[in-house]
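Between the sequences and the hints, there should be enough to build the whole structure, so can you do that?
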Amino acid sequence: MRIFLILATIITALLLPQNAGAEVHFEMQYFKTLPILHEGREKPLSSFADIMLRQFSGREKLQNMNSSQWLAAALFDPQSAANVPVFTVPDKTLITKLKLDSAQDLYSYAQIQPALKAIRDEALPLFSKEETALTGQEKTLLRLYENTALFTALLRSFTALLPLDLSLPPAYQDQIDGALNFTELLKVEKQLEQDLTGIITRKGRDPSKYTPRELAIAKASFHLQTLRAGAQDNELLRIIPVQWEDSKDQWATPWTIMLQGQGGPGAAFLLSQWTDLAGAYRQNDAPRWKTISEDILEETLLQNPQSLNIKRLKIEQLYRAVHPYTLIITLYGLSIFAATFLLFKQPTARLLRLAPTLLALTGIVLHIVTLTARIYILQRPPVGTLYESILFVTLICAALGILLQRARTSFIPLITGTGTAAALLICAPVFKPDGDSLEVLAAVLNTNFWLTVHVLCITAGYGVCILAAMFAHSGLYISGFKHNKELSKKLRQNVYRTSIAALLLTAIGTALGGIWADQSWGRFWGWDPKENGALLIVLWLIWVQHGRISKHLSSIGFMAMSAALNIIVAISWFGVNLLNVGLHSYGFTSGLAGGLIAFCIAEIALITFLYIAAKKQECAA
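Using this note's numbering, the first residue of the sequence shown is number 54, and each one after it goes up by one.
Read the hints as simulated data drawn from the structure, not as lab findings.
Values in this document were obtained by computation on a predicted structure and should not be read as measured data.
There could be a bad hint or two in this list.
[Claimed, not checked] Beta-carbon label-pair distances, calculated as ranges: (1) G257 - K114: 46 to 54 Å; (2) D259 - R281: 19 to 27 Å; (3) A655 - T344: 55 to 63 Å; (4) Q572 - V483: 27 to 35 Å; (5) G317 - P167: 40 to 48 Å; (6) A374 - R550: 38 to 46 Å; (7) P178 - E80: 42 to 50 Å; (8) T146 - D227: 52 to 60 Å; (9) K192 - H376: 22 to 30 Å; (10) H376 - Q285: 43 to 51 Å; (11) P178 - Q359: 48 to 56 Å; (12) N337 - A171: 53 to 61 Å; (13) V483 - S181: 29 to 37 Å.
Cβ coordinates follow ideal geometry from the N, Cα and C atoms, glycine included.
Here is the structure:
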């Protein structure tokens, strides 16, 4: 597959249509809401633009335009878009190798494409190498080739409907209605081929021997072939719903409509509206642009009333625009700061005493609203991927911290719950998918019932386990350094209660997973790494509880082993994904091993240190 990407990238430079108009402000309200089928689901164009721009540049907006404005330029004025700096090259050595200006943060397609073409002979062998054998620079280079090929497809995705900068001989021009574009050029395709064949037969392939008329014929024929090449396998811009009975819920690109005739009268009408929209953009007609954008949105919704939901499109736009998890982290952080302050100073004003709880509750409400929005957008439970599981686990941690908080007592449960949630949310972007974080699940996973009863249950168990472990850390610290027996006792009670709840959730969740596996794959238990990880958590919790009851573990030993639950959960939750085998291999995460090992070592060192300190204090007492 990669070899086709590189060949597409180094193809003869595009003859892109130009737009010489002055810059004007286009209202993007309706344009960015227009639906597109991308990566298996319908989403607003603004989401598609965000994903594309982030893939190329690592950013969601450029210095002088947002992603929707950039996408409009790429579709309707590809010549100018090719000169907009949008590609990031994170490797300084590679920048030197490509002979690019190291002072730039981003590079344009017009800069990158010739630079990559110059080293194509060196790059070609890399596409046949195993990924594990590639160096970091080679991976960056391949990613740059693939991004450039994707950008090429984006620039070409609408060229079927854009006016061409060509001059045809009068005999051809008389057959053209209106502006010359690909559609009109198709009318004279056979005549062009016949005439060009005759020219080559008489004069060969040397253009210097051609008359101006013959050059115009050769140029038009070459341009037509170039446009056709750009249409090959270009399924990027699926903006036209197909209405045929056997193709319902499918979407087509402008190229598919043009070359294969799919879609019927409704698709043809929509295509004409998109052509008018391109014309309004290129003519800098902002009022007409806004009107046509609104008309296209209404027509698309009218043609696909069952599948499309305008509220869902707008909620997704709001979700991406607000960046809710940044706000949630901020609220949790403010709650921690306020609670920590109140640990040392008790104000008389009741509102100030309630501030940590109110801030945490506000964060939790926003967290719930955000997860609800994801559920509404994706029409499934919010725990289908590793990244999504972190978002759900953090809600469990924060909510339990509030529930275990009591009036006129220490803020330790609140600080522990919101602190754990904030820390995990800060780490969450590491596990965020490269493309769209609102992912469509693999068919084998896309079962709402089992996602709800099994995955939610086991993921909630992860959250309660982590909170129990963090309470245990707090308890060891209080026992070793603060000498507060009353608070230490309360924290032990919290650890006991949360660990029992964690055992219940993980045990039930693991059993439900077996039932799902039996119904889907015909076997209840197959010693899959993820199954083993879940079983390890259950066994660890049972062992710790039995050790506490049988007195084989002292109160401090119970706290230390409960604190080690963080390590067990990390191995089960993240570690088994490193193996990339079994029924859960879809969750494979590369580049995680070093961080996981470092975390486990740090946890062992910290728990050992806190255990020794608490034990010394116990002996001294």
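A quick look at each hint next to the structure:
A beta carbon spacing of about 52 Å between G257 and K114 agrees with the range 46 to 54 Å that was offered as a hint. Restraint check, D259 to R281: a C-beta distance of roughly 24 Å satisfies the suggested window 19 to 27 Å. Between A655 and T344 the Cβ separation comes to about 60 Å, which falls inside the hinted range of 55 to 63 Å. In this structure the supplied range 27 to 35 Å holds for Q572 paired with V483, their Cβ-Cβ distance being about 34 Å.
Between G317 and P167 the beta carbons are some 42 Å apart, a value that agrees with the proposed interval 40 to 48 Å. At about 40 Å, the CB distance of A374 to R550 agrees with the hint of 38 to 46 Å. For P178 and E80, the hinted distance range of 42 to 50 Å is satisfied, since their beta carbons lie about 49 Å from each other. For T146 and D227, the Cβ-Cβ distance of about 57 Å falls inside the hinted range of 52 to 60 Å, so the restraint holds.
For the hinted restraint 22 to 30 Å between K192 and H376, the CB-CB distance of approximately 29 Å keeps it satisfied. A hinted range of 43 to 51 Å for the beta carbons of H376 and Q285 is inconsistent with their spacing of about 38 Å. For P178 and Q359, the Cβ-Cβ distance of about 49 Å falls inside the hinted range of 48 to 56 Å, so the restraint holds. Roughly 36 Å separates the CB atoms of N337 and A171, a value that falls outside the hinted 53 to 61 Å.
Against the hinted window of 29 to 37 Å, the Cβ-Cβ separation of V483 and S181 comes to about 30 Å, which satisfies the hint.
Violated hints, listed in ascending order, are 10, 12; each of the other numbered hints is respected by the structure.
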